[in-house]
Structure formats: structure tokens, C-alpha cells
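Trainee: Okay, here's what each chain looks like letter by letter:
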Amino acid sequence: MQYSYLRFTFILLTISFKAPFTRSENFICNSNDVRSLTSFSSSIDDGLHWNTSDSNCCTWIGVTCDNSSVSSKRVVRLELGSKRLKGIISESLAGLDQLSILNLSQNFLHGYLPARLLHLQNLEIIDSSDNDLVGPLPGGSNLSSIRYVDISRNNFNGSLDAALCESSSYIHTLNLGNNYFTGEVPANFGRCSSLQQLFLNDNHLSGNLPKSLWQLQNLRILHLQHNLVSGPLNDEIGKLSNLVELDISSNKFSGILPDVFERLKLENFFASSNNFSGHLPMSLVNSPYILILNLNNNTLNGPINLNCSAMVRLTSLDLGSNNLHGPLPDVISSCQRLTNLNLARNNLGGEVPFAFKNLQALRSLSLSNNSLVNISSALAILQHCRNLTSLFLSFNFHGEQMPRNVNFHFRNLRALAIPYCELTGSIPTWLSGSKLLQLLDLSWNRLCGTIPFWFHEFKYLFYMDLSNNSFTGEIPESLTELQGLINMKLSSEGLSLGFPLFSFVADGAKLKYKGIWGFRPTLDLSYNKLTGPLWPGFGNLKELHVLKLKENHLSATIPDSFSGMTNLEVLDLSYNDLSGEIPLSLEKLSFLSKFSIAYNQLQGDIPTGGQFLTFPPSSFEGNKGLRGQQLTPFQPQQAPHDVQLADEEMTIIGLQFGVGIMTGFLFTVTLCFASGWVFAKT
Amino acid sequence: MERKVGDLLFLWLLILVLLLHPVWLVLGNMEGDALHSLRSNLNDPNNVLQSWDPTLVNPCTWFHVTCNNDNSVIRVDLGNAALSGQLVPQLGLLKNLQYLELYSNNISGPIPSDLGNLTNLVSLDLYLNSFTGPIPDTLGKLSKLRFLRLNNNSLAGPIPMSLTNISALQVLDLSNNHLSGVVPDNGSFSLFTPISFANNLDLCGPVTGHPCPGSP
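Listed in order, the protein sequences are those of chains U and S. With numbering that gives the first Met the number 0 applied, the first sequence covers 0 to 681. With numbering that gives the first Met the number 0 applied, the second sequence covers 0 to 215.
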């Protein structure tokens, strides 16, 4: 997508050099143009501040006239992007017969795109993206000069029509993405022979792709992602010798991947979330051009037979959520430019190969859900990957011990997730060397001992999940000094992973994040055996959004200072031994949307100001001494369908997953359900 | 043993059917678009809406937005967030919304009549803002509404009679506005006292202490 903007800018530049325009005030606009613009402005309800009584329209905001004629000036550009325009696009614009650039993008325009606009002989660029335009595409266009058309991010519907590009021999970019187009991709797209970039993504297109599409010899970028297109990917795609980027992810393609990649110069290939099966094609795993390969969430099988001596440019490889089988190949370590590697949710098994220590460019690695063994060896090897910033190892190393009395160095590590491994032992001291840590997830293990005092040395830590372990002792008071939760700006740049992250809620709803910065700043210590008080210093954590301490043995009162956590959205203190009253100051927490103090020893009145009336009775139940109208609610026809705090556990389990993650999850459920049957066999 | 295998299969199928239910996909996008147009119409000096990224599949990971288990929005909690600008009609598309908390901001313009489409709404808290224009008659369609707090704005015109039909209404505060006309005392309004209507332009009726002209 960035390509298209670059190209757009480039076109703008070339045009402005080609014909120098002036905003001359000495000349008078062509009267027809003034009429067209005045009529256009009367159909805009808001956002356009033209003084239409001034007949020199060349000085109006967004209007550019040419300099060619002495008598009167002609409008050649109308550029009104991001002006918060409301209203409809008047057909009168079609009267601007010298118009070459029309930019109405990023406004609130509704109604139809007037068909007459698509007959402007001089129009080179039309951008009406990001509006609320509706209706089918007008047919029968005659845009003989058009080069660039972008009507993406609107509400266009109906079947697709290639008329926009058929009539022009110059058009290089057609963007119809993010609309509601239905039906098949029509065969006449094959006649848009000058097209270099075609975006049909994020629509409801279905059926097979027409073979004629593979005749577009100039095509460089094709985006078809997020549609319902089915059938195999035709061998003839090998004819597209200029194709650089192909995104067909999230469709219903099936069959094997065509073994034609030796004929392509493809750099970026995205085909995740389809039904592709079979082995990785030999021409693909030998491609010297590929930079990014994403085949996540298909049903590919066979070994990972990458030829890294041929794949010299490979930087990002995502083969997660397939049926690829192990062992983890040594040869991957020869892909010296590899920065992102996701092999989660396959059937790899075994240990991390010793050669992985040579992956010196590697920044993000996920090997989650692969039944790997020997966590000590895995960490001992991976610590040599000096650029490693994100490491996701969930659902592996079942029941092993967290290596402790060793001296691992993960100096650049920013995200570490090893949940759901039933690891024993305690939090290892070597972790304290990872001073850049921003996200730590060790939930759903069997770790015990105390939470170490040195966590406050993680200046950038803003997400920590240690829930569902057996930690004992007090919450370290030093957690109230976490700089990343006191002043977010300290935490510098966002961490790009090269692949999306997922978390899931126990009942199966899944949430997708683009990177760890999408996560709400969180401290989750719930479901442990922690004792002692709630530190008043928690009030310092102004940037904390989620504080979960439920199901521990915490005692004493809720400090008044908790109202200092001004960004708090979730506060769960349920199932502890807290006493005293609910501080009235908590009414100040205006973003608080989930709150529970159920099953404690609290007493007194429940506050009624701020957010408090919006919390359900279950937030307060199990406290004998509490009084308040929330406990005896007026019941409308049915109880509110709230997300119940008690049922929810959120844990990062890493990376792209689709069906694969569900399989992992179901497998666990099944194990628990039928453990008698499973273990009887062994 | 065979029965157990059967049980297993059934469990897998059941869970798969539940997981593959496609409702949330469609809902999520539309609701994200609706909230994103709200963001476009608000000024947000403290960047509390920074995480509202419309390119995500749904708005459930956005800060200050809460979804139910079907990934449909049930809460928007933006009280005291220093927001100004206006609301958008698209808010009416959040079919499962229960709590709309926008109190203590500087939001201006009218209350969109489309809010009457939010039939699951339990709490509409728009107090302490700068809303103008009338209270939409359509709010009477909010049959589950328990909290309606529109106090401390610049709302004008009459109190819609339709509000008396909301039998669930527990808390009503319309004070400190420019409302005029008759204060109803029938239906759910029989619960409320003068404090709910205090300091308006020209309200009359038994509950205000000012009898309406022409009344007995």
C-alpha cells in the first residue's frame, strides 16, 4: 500500500514539473469553471470555506489553475483531501473539462460517485478514498488520460467492473480495496494491460480468478487479501514476470502451491489463511528474490526444506499453523538475513538445533506449540542470537524445570513469553540481565518462590503476566517503581515484530494485536499464593490500564491512593482477604470499566459516583459487610450480558494462529477431559 | 473406551462449531468503523484514543472499549478524558452497547437521535458537557435504560414524553440545562423529585413547584 502513496507523490511531482502552475491573481477564472465549482460547493454541507462571491476561483483553497491561456484561467486541479468535507459530490464537477487531478480523499462525503466524472478526458488522477460513497461503480467510463484511480475505503457495492481501466492505456494504479464489492473478478480485467498495481483487497469477491488476470504483463503488485476467492492458484501466474508483491491471504484458495516461482521475481508473497496443502514448492524454497514469505495458517505438510544458500534475501518467514513436520532444520541457520521467524503450531518436536546460534540477524522468533523439549538447551543456544528481541515459546517443554543456576545473556530481549509450559522452579536470576524487557509472560506454569525485588530494574516493562503459578510471599514493593508504568514516554519506540500477536480469552474469543504496543499496560499476578498488603505506591502507576490480583491471600485495606492510577480500566481484587471500606476516591477512576472486589471481607457503603453504578452486583458479592444499591439492582427484562471477570483469563500465546491455535487449545482441553483415557494407554 | 472416543469427538465438534461461528467477524468491522468515525469527529488532546486503529479486525483491543464474548462492543468508557468535538450518528450502529460513558468532557453539538437505536443501552452518561439542541424523542425506545444523566449541558426544548415509557429508569438527571415545557409525572417519572429537573429555563408541572399555565 505504501507503494501506491509513493507513486502518487511521484506522479504529483512529475506533473508539477511538467507544467508549472501559478496561483495567479491577475487573471480571471473561466466562467464555466466558476459555475461548476460554485455548484459543487453548494452540495457540500460543511468543511468547505470558499468565498464564492470572489469570482477568481483560482485563489480558492484547493483549486489550482493552469497558465496556458491569456484570456481566462482553467481549473486543472481540485485537491480537497482531509478537509472534513460533509455532503455529496455534485455532478457539476464534470464541467471542469481541463481537470487533471481530483483529490477528495479522507472526508465524509456520501452518496454516489457521479458517472459523468468518469468521462473527463484530461483527468489523470482521481482519489476519493476514505469517504462514505455508496452504490455500484458507474459503468461505461471514458477516461482516456487516467493514470491513477483510488476509490478504496468507501461503501461501494455490487459487482466489479473493469471499465475504469479498460478505456485507458496509461492507467497504472487501480485501488478498489476496502469496499463491499461482490461476485467474481471479471475476465475483462485482463484487458487493463498497462496496470502495474491492482488492489481488490478487503471486499466480498468470490469464485475463481479469471485466467486473463495472468496476462497483465506490467503488473507489479496484486492485492486480493480478505476476500472469498477460491480454487487453485493457477500455474499461469508464472507468466507475471514483473510481479513483485502478491497478497492473497485470507481467502479460500486450495490445492498445492504452483511450482513456478523460478519464473517470478516475487519479493513479497502473502498467502496466509487459505487452504493450501502439499509440500513447499521447490522453486519457492530456492527463490533468490523472496524477502517476505508468509504461508501461515494453511495445511501445508512435509519438511521445512529451505535452501538458504539460494534464498539469499529472505528476511521474514512465517510458516506457523501448518502441518509441517520436524525436526527443526539446521539449515535455517544459514539464512543470514532472517529477522523474523515464525514456525509456531506445527509438528516439529525435538530440540532447538545447535546451529540456531548462528542466526545473528534474528529479531523475532516464535516456536510456540511444537512440543519442543529441553528448555535449558534451547535458551543456552538462543542467547547467542545477539539481536533477538522477541521470543515466544508457549506450549512446549511440558513439565520441565526453568533453568536457574546458569548465566544466560539476553541483552536485547524486549518480549519474552513462555506460558503454558507447566515449568517448575522459580523466576531465574539470569532474567535480570534483560534490562530492555517490555513484556513478560510466564503465566500458566508451576513456578514458585517469591517474585524477585529486581523487576523494578526493567525500566521499560509495561506488561507482566505471572498469573496461574504458585508464587508466594509479598508483592515486591519495588513493582510500584516500574518506570514504564509511571511514564510511558520513557519506553521509546514501539517494538515491531514482523508478525501479528494474538491473545485469547479462555472461552475462545480471540484478539489480534499488531505488535506488543497494542497491549494494555498490565500487571497480572492473579491465581497465586501471594500474601501481605496492597502497597499504596501502586497509586504512582499512572499508565497502568489493567491490575489483576484476584485469587491470592492479600490482606489489609485498599489504599486510598489507588485513585492515582488514573488510566486504570480493569481492577480485579476479588477472592482475597481484604478488609476495610472501598475508598470513595476510587470514584475518580473514570476509565474503570471492569471492577471486582468480590469475596473479600470488605464493609461499608459502595460508592455511587463516577463509574460505580455501571458495575454489576457480581463485582461486590461475597462481602458480608457491604451495602449499596448495586447489590440489589433493579432487574430489567434480562440480566446484563457482561463479560464476567471471573471467567476471563488473558494470556499471550504468540503469533498468527487461526485454526492452529484452536487445535492447540482444544488439545489441552481434550487432555484434561480425557486424561484417564490418554494416560491409560501409556 | 469407545464411548469415550465418541464423547471426545462430540466435544471437538461442539467447540469447533462454536468457534467457527462467523458473527463476530462482520460485527467487529462495522463497529470499528462506527467508533473510528467518532474518533475522527472528536478532538483528543491527551491521546486517549490513540490505540483506536481502524485497520484491526475489530475494536476489542482498543483502549476504553469493552467487548462481549462475541467481540461486539458493550462499553465505551471515556469519562473525564478532555475530549471536545461532536458525536456521530454512527454510534447508533453499536447494537450491543450497554454503557456509553462520555461525562465530564467538552463535547458539543446535538445528541444524535440515532442513539435511540441502542436498545441494549443501560447507561447513557453525557453529563457535564456542552451538548445543545433537544433531547431526542427516540431515547424513549431505550427500554433497558437505567441511568440517564444529561445534566450540566445546554440542552433546550421540551422533555420528551416518550421517556416516561422507560420502565427500567432508576436514575434521571436533567438539571442545569435550558429545558422548557411540562415535566411529566406519569410512568417511570413518578419516581423522580425536583432535584432531577432543577435549574432549567422554564420547566413547569407538579414536580417543579411551578404549575403549568392553564393547568387546574
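Each hint should be verified, as a subset may be incorrect.
[Stated by the list, open to error] Some chain U residues judged to face chain S by a derived CB distance under 10 Å, without partners named: (1) Gln216; (2) Met281; (3) Lys511; (4) Phe518; (5) Gly609; (6) Gln610; (7) Ser617; (8) Glu620.
By construction, these hints were calculated from the structure, which means they are not laboratory data. Where is the CB? At the ideal position from N, CA and C, for every residue including glycine.
Trainee: A separate judgement is required for each hint: does it hold in the structure or not?
Mentor: A quick look at each hint next to the structure:
{"no.": "1", "hint": "Gln216", "in the structure": "violated, 31 Å"}
{"no.": "2", "hint": "Met281", "in the structure": "violated, 34 Å"}
{"no.": "3", "hint": "Lys511", "in the structure": "holds, 6 Å"}
{"no.": "4", "hint": "Phe518", "in the structure": "holds, 8 Å"}
{"no.": "5", "hint": "Gly609", "in the structure": "holds, 7 Å"}
{"no.": "6", "hint": "Gln610", "in the structure": "holds, 7 Å"}
{"no.": "7", "hint": "Ser617", "in the structure": "violated, 15 Å"}
{"no.": "8", "hint": "Glu620", "in the structure": "violated, 19 Å"}
Hints 1, 2, 7 and 8 from the earlier list are contradicted by this structure; the remaining hints agree with it.
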